[in-house]
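Chemist: Residue numbers 1 to 204, in the UniProt record's numbering, belong to the letters of the sequence shown in order.
Check each hint, because a few of them may be wrong.
[Unchecked claim] Beta-carbon label-pair distances, calculated as ranges:
id	residue 1	residue 2	range
1	Gln194	Glu29	36 to 44 Å
2	Glu29	Gln7	38 to 46 Å
3	Ala102	Ser164	48 to 56 Å
[Claimed, not checked] Lysine-lysine pairs mimicking DSSO-like chemistry, simulated, CA-CA at most 30 Å apart:
id	residue 1	residue 2
4	Lys184	Lys97
5	Lys26	Lys43
6	Lys105	Lys78
7	Lys41	Lys14
Just so you know, these hints were derived from the structure itself, not from any lab.
Given the structure is predicted, the values throughout are model-derived calculations rather than measurements.
Note that the Cβ used here is the ideal one computed from N, Cα and C, for glycine as well.
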Amino acid sequence: MQQPFPQPLMSQCKTLHFARNEWLIKEGEPPPYLYFLVEGKAKIYVTHSNGKVSLLDFVAPHTYIGEMELLNDTYYSKGVQAITVTTCLALPLATCKEELLADAKFLRALATFLSTKATLMSKKYSQSLAYPVENRLADFILQSADQHIYQERHVTVCDYLGVSYRHLLYVLAQFCERGYLVKKGKSYEIFDEQALYNLASEVR
1 MQQPFPQPLM SQCKTLHFAR NEWLIKEGEP PPYLYFLVEG KAKIYVTHSN GKVSLLDFVA
61 PHTYIGEMEL LNDTYYSKGV QAITVTTCLA LPLATCKEEL LADAKFLRAL ATFLSTKATL
121 MSKKYSQSLA YPVENRLADF ILQSADQHIY QERHVTVCDY LGVSYRHLLY VLAQFCERGY
181 LVKKGKSYEI FDEQALYNLA SEVR
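Whole structure, please, built from the sequences with the hints as guidance.
Modeler: Below, the structure is given as structure tokens:
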């Protein structure tokens, strides 16, 4: 893995651990650190003016978190919450921001990261129009599950995938009938992970 931060600043870098459901960044608050996710998974939320909360995206390892706040003083932070136990490298923005913005090599790497991120977001949007719900739901389940347990709120999933509540329940029931999932109370246990990967591979 390429070093995520400039070498002269690594002495100020911390390793931070977050429990499942712990907030890395609270929405609307300036993050104290620029994070680089090393291990685990997280998700990004936004609250709209009407009070509705939407899941925007997932964060995987080798991803920066808080880069928009580094580049834009007026950017309003989205909420970032750990899905699993998560480990991040963290650089304090209060003492490192000016040096980061003056480092050409770091800024080139960050520009490449942002370009890749924008491409993936565009791809995600086009896939929402081109692929069936079962492929996109399989991918969603794999991204949001923790230790083979999937327990996202149905309304959140419907909003993210752009499907009706009824359609979502129908596809989940099909996954259970096929043996991909086993329903346990309000959550689902992943029983056939490979089958979900096969479906998800179409949209990855």
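Chemist: Take the hints in turn and mark each one as holding or not.
Modeler: Outcome of the hint check:
1. Against the hinted window of 36 to 44 Å, the Cβ-Cβ separation of Gln194 and Glu29 comes to about 40 Å, which satisfies the hint.
2. Remark: the range hint 38 to 46 Å for Glu29 to Gln7 is contradicted by a beta-carbon distance near 29 Å.
3. Checked against the hint of 48 to 56 Å, the pair Ala102 and Ser164 passes, with Cβ atoms roughly 50 Å apart.
4. Restraint check for Lys184 and Lys97: not satisfied, since their Cα atoms lie roughly 46 Å apart, outside the 30 Å limit.
5. As the CA atoms of Lys26 and Lys43 are separated by approximately 12 Å, the hinted pair is consistent with the 30 Å bound.
6. Distance check on the hinted pair: Lys105 and Lys78 sit about 27 Å apart at the alpha-carbon level, within 30 Å; holds.
7. Under the criterion of a C-alpha separation no larger than 30 Å, the hint pairing Lys41 with Lys14 is consistent with the structure, at around 18 Å.
Checked against the numbered hints given earlier, the structure breaks hints 2, 4 and satisfies all the rest.
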